[in-house]
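Below, each chain spelled out in residue letters.
There are 2 protein chains.
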Amino acid sequence: MAVQTVATSSDTTVDLGPAAALSCRECGHRVPLGPVFACEECFGPLEIAYEFSAYDTEELRRRIEAGPANIWRYAPLLPVPADVAGKPNLNPGWTKLVQADNLARELGVTGGLYVKDDSGNPTHSFKDRVVAQALEAARAFGFTTLSCSSTGNLAGAVGAAAARAGFRSCVFIPHDLEQGKVVMAAVYGGELVGIEGNYDDVNRFCSELIGDPAGEGWGFVNVNLRPYYAEGSKTLAYEICEQLGWRLPDQIVVPIASGSQLTKIDKGLQELVKLGLVEDRPYKIFGAQAEGCSPVSTAYKAGHDVVRPQKPDTIAKSLAIGNPADGPYVLDIARRTGGAVEDVTDEQIVDAIKLLARTEGIFAETAGGVTVGVTRKLIESGLLDPALTTVVLNTGDGLKTLDAVAGTGLTATIRPTLDSFREAGLA
Amino acid sequence: MAVQTVATSSDTTVDLGPAAALSCRECGHRVPLGPVFACEECFGPLEIAYEFSAYDTEELRRRIEAGPANIWRYAPLLPVPADVAGKPNLNPGWTKLVQADNLARELGVTGGLYVKDDSGNPTHSFKDRVVAQALEAARAFGFTTLSCSSTGNLAGAVGAAAARAGFRSCVFIPHDLEQGKVVMAAVYGGELVGIEGNYDDVNRFCSELIGDPAGEGWGFVNVNLRPYYAEGSKTLAYEICEQLGWRLPDQIVVPIASGSQLTKIDKGLQELVKLGLVEDRPYKIFGAQAEGCSPVSTAYKAGHDVVRPQKPDTIAKSLAIGNPADGPYVLDIARRTGGAVEDVTDEQIVDAIKLLARTEGIFAETAGGVTVGVTRKLIESGLLDPALTTVVLNTGDGLKTLDAVAGTGLTATIRPTLDSFREAGLA
Chain A
1 MAVQTVATSS DTTVDLGPAA ALSCRECGHR VPLGPVFACE ECFGPLEIAY EFSAYDTEEL
61 RRRIEAGPAN IWRYAPLLPV PADVAGKPNL NPGWTKLVQA DNLARELGVT GGLYVKDDSG
121 NPTHSFKDRV VAQALEAARA FGFTTLSCSS TGNLAGAVGA AAARAGFRSC VFIPHDLEQG
181 KVVMAAVYGG ELVGIEGNYD DVNRFCSELI GDPAGEGWGF VNVNLRPYYA EGSKTLAYEI
241 CEQLGWRLPD QIVVPIASGS QLTKIDKGLQ ELVKLGLVED RPYKIFGAQA EGCSPVSTAY
301 KAGHDVVRPQ KPDTIAKSLA IGNPADGPYV LDIARRTGGA VEDVTDEQIV DAIKLLARTE
361 GIFAETAGGV TVGVTRKLIE SGLLDPALTT VVLNTGDGLK TLDAVAGTGL TATIRPTLDS
421 FREAGLA
Chain B
1 MAVQTVATSS DTTVDLGPAA ALSCRECGHR VPLGPVFACE ECFGPLEIAY EFSAYDTEEL
61 RRRIEAGPAN IWRYAPLLPV PADVAGKPNL NPGWTKLVQA DNLARELGVT GGLYVKDDSG
121 NPTHSFKDRV VAQALEAARA FGFTTLSCSS TGNLAGAVGA AAARAGFRSC VFIPHDLEQG
181 KVVMAAVYGG ELVGIEGNYD DVNRFCSELI GDPAGEGWGF VNVNLRPYYA EGSKTLAYEI
241 CEQLGWRLPD QIVVPIASGS QLTKIDKGLQ ELVKLGLVED RPYKIFGAQA EGCSPVSTAY
301 KAGHDVVRPQ KPDTIAKSLA IGNPADGPYV LDIARRTGGA VEDVTDEQIV DAIKLLARTE
361 GIFAETAGGV TVGVTRKLIE SGLLDPALTT VVLNTGDGLK TLDAVAGTGL TATIRPTLDS
421 FREAGLA
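For the record, the sequence lines run as chains A and B.
The first sequence lines up with residues 1 to 427 when you count with full-length UniProt numbering.
The second sequence lines up with residues 1 to 427 when you count with full-length UniProt numbering.
No lab work stands behind these hints, which were simulated from the structure alone.
None of these values were measured; they are calculated from a predicted model.
Mixed in with the good hints there might be a few duds.
Identical copies go unnamed one by one, so any copy, or any two together, can satisfy a pair.
What the hints assert, rightly or not - Simulated pairs of lysine to aspartate or glutamate, EDC-like, Cα-Cα distance not exceeding 20 angstroms:
no., residue 1, residue 2
1, 377, 291
2, 267, 41
3, 87, 101
4, 181, 403
5, 267, 280
6, 377, 200
7, 274, 40
With the rest of the complex left out, here is chain A (with noise of 0.2 angstroms):
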């Protein structure tokens, strides 16, 4: 494909494949691709401005099909170099679309139910898609630590990535964290490093270190490389579509926590239509949240354009994002597209965890829970059709949150003889 070069603020050539620029997503102003997230104009954020190569669609489809089994099939919508899949990386993505009739028949779908699992990612969450996107960026660039702030899965993605690429990681987390989150991002060798406070505080830290000399090199996943990381949710829309045979879905289910995977997954589905891969037709994206952190939920009921923010309390740690940076975007889809935004308990989250597990043998964190949850709830309140075809995200893995189910347990306790496996009533 054709190579885009671009000089970017620091006036180095990089080479992020069909990105050209970045745009303000508030006022459209442009600026070189470099390590920045906020218009310098209008403080909006900024994202990627591609210039497509003039592919003929059916060439693009089969270079597409006959690529890699995992994101990088996909490297010509991406900001990612053409020989991306040559260089040390965790390759993740093409997770499963897994057709989930025994799920439907529970929720009354009939139009089709898939579950997209992307517990089948190399570190078991969506969060190697975007941490793949960013550590491209990092080495455009020219960074040689990789970082984060995290409170769990993005740890994790980010010292398994780092380590893989030959990048130091360091990664902030809030001192407290459970033992079992600390070893998981702690294995891979990389700096780990805890903040005496709380969330907010280690991302205050972040941005403080962004803007000190001490931060030279550092490329921040989610802070001053969020324009590339956020990309790598599109993959998601692009896969989905790939794996329903080149069709959209008619209904999407994803979870929010800062709202940014919702509106890159409507991005990339517009995408499609426009580069001709899908035909166009109508779509409803619908947003999942726990009532425990439900600011976007609770302002598209009350019919607001902002999200105020809320303290979250709630089993599903990792959406657990009370001021959602692109709440407002995230409202405008689901009005737009005629979906909605929802949200579930915390019971109703471990309800959808086991009905999820039972009936397809997917054993999914607790936003899969929500995202489960949502659907059911939706579905009761007419607000998704089950005749048509909806798809659902799980973005993590279950034994990352094991607390949430822990009630679960030995259905019988037998002595080792057939007598008392009858008497138990198994037989």
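Given chain A, put chain B in place with the hints provided.
Chain B alone, transformed into the frame defined by chain A:
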């Protein structure tokens, strides 16, 4: 492909693809396909005898390459019906073969080092491969309950597969298993029965149940369905060769629990040679054990043909079978191919888990620590040639054995200030 229909001992007609009969590994006595595992003549283990259809080699290769990205691409070589990919199951396999250049540098391997990472399977261990075969046999024999004895990985794999396929499941485990492992198995909603006793008591009870009317309709994946179940490990050999570009590896390091996996990998490699899918050339198979459960390694080093049982005491619990049924066959294969069997201490296992994580971003189960640790030891002792292409198996996921690396933690704890950051020497 041409379908084999064979009358079972119970006179039902079953379609298990190219599986033609069961054949005794010791005396060669053949019996029809059925839920039996021991030879009626000599009590030797029964295994599948195939009649592969008369494919043209290049046609078979094209069929496989055009097949699904899971084990069913090899359906023509497995004891499953030709339409298996359309049946509800977890579709395991086609996991990543990771080119491990960083690890190779650490270990001094120059001939190419690869990690076959089976943590990418649906329930994150290689057990999904074998359970998927047993499930098809259970379907063919009309069983309605899927069962097993287990201490961990297998319980989850059976629970998940049964849930997805619409089978009842009833899994037997020692009653005092760690709570985390109980949750991982219980979440799929099947019966999970604690047995008051150790793993041997659980096994003995399962054998009793098979002979009892109460066990009618029950398929015990690792007992009466064992001949089918075991074949799933062949897919590891198929995938490794296909992922190497249809080429045999020079050396392969395999963990040993019962020894079944190692023998089936050898069988799979030989089948590919016979079918002309890979060029015939020498390969060496190495077996890896934990020192705390090393009956096969001990016999290998002593030059014995038989294996003396041991009482396991190691953190590598998924390999802790003190009396490995296939031990003698493993010894034979290691000696015949010019390989070896070696063991490592628990400390070396933990070191190897961390080594793999920090070099390749792969977080392995203790069994993966065993194979990586043994690879290092074999190179040091000169038994494994670093100038040859080497494949090391990781059969499970580190998230399942977090306790093994529980000592891993924060590298520093700081206040959320740049001064504190600098004081900690992190800049």
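Hints versus structure:
{"no.": "1", "hint": "377 - 291", "result": "within (12 angstroms within a copy, 53 angstroms between copies)"}
{"no.": "2", "hint": "267 - 41", "result": "neither (24 angstroms within a copy, 66 angstroms between copies)"}
{"no.": "3", "hint": "87 - 101", "result": "between (38 angstroms within a copy, 11 angstroms between copies)"}
{"no.": "4", "hint": "181 - 403", "result": "both (12 angstroms within a copy, 12 angstroms between copies)"}
{"no.": "5", "hint": "267 - 280", "result": "within (14 angstroms within a copy, 50 angstroms between copies)"}
{"no.": "6", "hint": "377 - 200", "result": "neither (31 angstroms within a copy, 46 angstroms between copies)"}
{"no.": "7", "hint": "274 - 40", "result": "neither (30 angstroms within a copy, 66 angstroms between copies)"}
Comparing the model with each earlier hint shows violations of hints 2, 6, 7; every other hint is respected.
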